[in-house]
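Put together the whole structure using the sequences plus the hints.
Protein chains in written order, with our numbering: chain A, 1 to 323; chain B, 1 to 260.
Not one of these hints is a red herring.
Here are the simulated SDA-like pairs of lysine to any residue, each with C-alpha atoms no more than 20 Å apart in a straight line:
1. 315(A) with 304(A)
2. 84(A) with 175(A)
3. 148(B) with 246(A)
4. 320(A) with 255(B)
5. 319(A) with 260(B)
6. 319(A) with 223(A)
7. 258(B) with 321(A)
8. 11(A) with 46(A)
9. 11(A) with 168(B)
10. 315(A) with 256(B)
11. 148(B) with 188(A)
12. 12(A) with 168(A)
13. 282(A) with 232(B)
14. 282(A) with 229(B)
15. 320(A) with 254(B)
16. 168(B) with 192(A)
17. 256(A) with 14(B)
18. 282(A) with 250(B)
19. 256(A) with 140(A)
20. 50(B) with 2(B)
21. 315(A) with 241(B)
22. 320(A) with 243(B)
23. 289(A) with 248(B)
24. 282(A) with 255(B)
25. 168(B) with 183(A)
26. 256(A) with 182(B)
27. 297(A) with 14(B)
28. 85(A) with 178(A)
29. 256(A) with 272(A)
30. 11(A) with 43(A)
31. 256(A) with 148(B)
With the Cβ distance kept under 10 Å, some of the chain B side facing chain A (calculated, not the full set):
32. 99
33. 158
34. 247
35. 250
Okay, the calculated beta carbon distance ranges per label pair:
36. 88(B) with 242(A): 41 to 49 Å
37. 240(B) with 213(A): 16 to 24 Å
38. 162(A) with 188(B): 46 to 54 Å
39. 242(A) with 68(B): 31 to 39 Å
These are computed hints drawn from the structure, not numbers from a lab.
We treat Cβ as the ideally placed atom computed from N, Cα and C, and that holds for glycine.
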Amino acid sequence: MILTYIETREKKIKKSSLEALSEARQKAAELGTEAAAVLVGTGMEGLATELPSYGASKVYLLESASLDRYSTQDYAAALAGLVKKLSPAAVFFSATAMGKDLAPRLAARLGVGLASDCTRVSVRDGGLEFTRPIFAGKAFLTFRLTSSPQVVSLRPNVFPLAPAAAAGEVIRETVDIPITAARAEVTEVLQESGGEIDVTEADIVISGGRGMKGPENFGLLREVSALLPRSAVGASRSAVDSGWIGHQHQVGQTGKTISPNLYLAFGISGAIQHLAGMSSSKVIVAVNKDPDAPIFKVADFGVVGDLFQVIPPLKEELKKLRG
Amino acid sequence: MDILVLVKRVPDTESKIRINQETNSVVEEGLNFVLSPYDEYAVEEALRIKGAKGGKVVAVTVGRDESLVILRKCLAMGADEVVLIKDPLPETYDGLRTARIIARFVQAKYPDARLLLFGKQSVGADNSQVPAMVAEFLGIGQANVVVKLEVEGETATALREIEGAQEKVSLTLPAVVSAQKGLNEPRYETLKGIMMAKKKEIPIVSIEELGLKPDELAPRVAIIRMDQPPARQAGRVVTGIAEETARQLVEYLHTEAKII
Numbered sequence: 001m002i003l004t005y006i007e008t009r010e011k012k013i014k015k016s017s018l019e020a021l022s023e024a025r026q027k028a029a030e031l032g033t034e035a036a037a038v039l040v041g042t043g044m045e046g047l048a049t050e051l052p053s054y055g056a057s058k059v060y061l062l063e064s065a066s067l068d069r070y071s072t073q074d075y076a077a078a079l080a081g082l083v084k085k086l087s088p089a090a091v092f093f094s095a096t097a098m099g100k101d102l103a104p105r106l107a108a109r110l111g112v113g114l115a116s117d118c119t120r121v122s123v124r125d126g127g128l129e130f131t132r133p134i135f136a137g138k139a140f141l142t143f144r145l146t147s148s149p150q151v152v153s154l155r156p157n158v159f160p161l162a163p164a165a166a167a168g169e170v171i172r173e174t175v176d177i178p179i180t181a182a183r184a185e186v187t188e189v190l191q192e193s194g195g196e197i198d199v200t201e202a203d204i205v206i207s208g209g210r211g212m213k214g215p216e217n218f219g220l221l222r223e224v225s226a227l228l229p230r231s232a233v234g235a236s237r238s239a240v241d242s243g244w245i246g247h248q249h250q251v252g253q254t255g256k257t258i259s260p261n262l263y264l265a266f267g268i269s270g271a272i273q274h275l276a277g278m279s280s281s282k283v284i285v286a287v288n289k290d291p292d293a294p295i296f297k298v299a300d301f302g303v304v305g306d307l308f309q310v311i312p313p314l315k316e317e318l319k320k321l322r323g
Numbered sequence: 001m002d003i004l005v006l007v008k009r010v011p012d013t014e015s016k017i018r019i020n021q022e023t024n025s026v027v028e029e030g031l032n033f034v035l036s037p038y039d040e041y042a043v044e045e046a047l048r049i050k051g052a053k054g055g056k057v058v059a060v061t062v063g064r065d066e067s068l069v070i071l072r073k074c075l076a077m078g079a080d081e082v083v084l085i086k087d088p089l090p091e092t093y094d095g096l097r098t099a100r101i102i103a104r105f106v107q108a109k110y111p112d113a114r115l116l117l118f119g120k121q122s123v124g125a126d127n128s129q130v131p132a133m134v135a136e137f138l139g140i141g142q143a144n145v146v147v148k149l150e151v152e153g154e155t156a157t158a159l160r161e162i163e164g165a166q167e168k169v170s171l172t173l174p175a176v177v178s179a180q181k182g183l184n185e186p187r188y189e190t191l192k193g194i195m196m197a198k199k200k201e202i203p204i205v206s207i208e209e210l211g212l213k214p215d216e217l218a219p220r221v222a223i224i225r226m227d228q229p230p231a232r233q234a235g236r237v238v239t240g241i242a243e244e245t246a247r248q249l250v251e252y253l254h255t256e257a258k259i260i
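Okay, here's the thing in structure tokens:
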């Protein structure tokens with residue numbers, strides 16, 4: 001069995017968890033085993049019925065009032081209890097903020113290694129082989145884990161969704177959660193204004209660099225973003241370090257490493273630490289005044305020109321496309 | 001209050017990474033190694049908490065003698081003590097192993113530490129594993145990717161970054177906190193600090209001393225190979241009147257790349 005942890009936010013299943021489940025189902029089939037999913041929290045039963053359509057033949061519900069709010073310790077303890085009961089060959093997570101918080105805690109609890117933020121999983125000689133970016137994508141590491149179960153987290157936005165018709169059984173499980181003195185618990189979630197999507201989850205990222213000239217001009221990028229569904233605004237390190245936009249928008253080696261379908265770079269020269277963070281984007285577009293900017297070496301489509309002149313007609317063309 | 005800061009030596013972010021295909025490792029020659037950027041935020045936060053609440057800041061790394069240089073940087077920034085846990089192995093990319101070493105070290109040498117600060121990940125292995133694993137081994141709470149931290153008596157409140165929002169995490173000490181950019185603005189070393197750091201004898205703890213069993217030290221990661229990323233081809237470049245280039249761009253995205 002490959003067990004996939006399904007993350008929810010505001011009582012909705014995260015798309016990246018379905019990506020992980022899709023990949024788990026395909027690897028499980030190659031290994032000749034089944035894919036299962038687990039939901040942790042309260043009031044999850046309605047969501048459980050969505051999961052067989054991504055290949056889960058069993059959906060486990062770990063429900064308890066004490067799991068209503070996210071606490072890494074309690075969630076890891078609950079999952080470890082289930083893993084001990086089911087002995088899956090592997091446990092998959094999506095490498096989201098929660099996945100990165102929870103998967104290592106579970107792995108340590110089980111005393112096993114963790115393959116984090118993988119961009120490829122293959123089956124070889126009856127076992128799993130993992131590939132993940134290191135140095136923010138300046139190199140790739142391919143490896144096996146010598147411990148079992150194999151705990152794995154998959155980078156969001158990399159693995160395709162693969163709907164599959166399967167009859168799935170929903171199973172309620174109870175596990176004991178030890179009470180610990182030194183605790184950590186999420187007490188509140190503070191939404192960012194406007195409910196923007198994160199650059200790691202967006203299909204399209206529209207980024208600005210030093211060429212944006214100042215914080216006021218990032219509004220132009222937000223206007224472009226408003227015309228493109230599931231898009232987010234990103235930034236280079238120099239724009240963030242100049243205080244033009246919050247660091248949560250930063251793309252690159254000390255920011256976020258992303259793989260959107262489309263990366264639009266405005267006024268970004270393309271420093272090596274920036275290229276590392278975005279060069280696994282499927283399509284890259286660069287708009288820059290300097291024809292020698294390194295970003296053009298990785299761009300599928302480049303516009304040599306002044307971004308302040310290109311953006312207004314670009315918006316018009318996008319509006320035309322939307323009809 | 002004793003604060004431990006766990007740090008790591010990494011190549012700076014301007015480095016071009018080359019691979020030795022025979023040893024499946026990164027070619028270190030010609031690289032400029034630094035204190036991992038996120039660790040700088042952790043050191044700074046520790047110094048600020050000490051400044052406000054008193055106590056002692058101890059910076060610790062697991063590595064070879066080459067890592068002494070980042071410990072000297074921590075001293076120059078203002079750390080009271082530093083310790084090198086000497087590990088004969090080069091990079092294993094195995095967070096579990098490193099976390100076991102650190103957890104055992106904390107239990108043996110600093111059992112009274114109230115706060116363990118880390119960078120949210122090392123810039124290099126990029127695993128984001130060790131802080132949470134150490135917290136689990138020590139049986140204490142954690143808050144990762146933290147952009148704001150307030151310590152009050154035996155509790156702390158952390159704001160941690162999640163997708164498009166922040167989570168407020170309430171912690172009972174001792175606890176593990178990993179630092180994200182935005183937590184603070186790290187200070188520069190002072191000349192006096194650098195001079196003092198140069199002279200200081202740095203204590204070294206061997207792995208054997210910590211009594212870890214061979215099985216606990218065996219890496220769980222079996223490296224098969226390391227590769228450079230596939231090179232991207234430069235595509236089409238257009239220039240000219242803005243209206244025309246914008247039209248060509250949208251046409252490319254719509255009809256050729258079929259992405260919008």
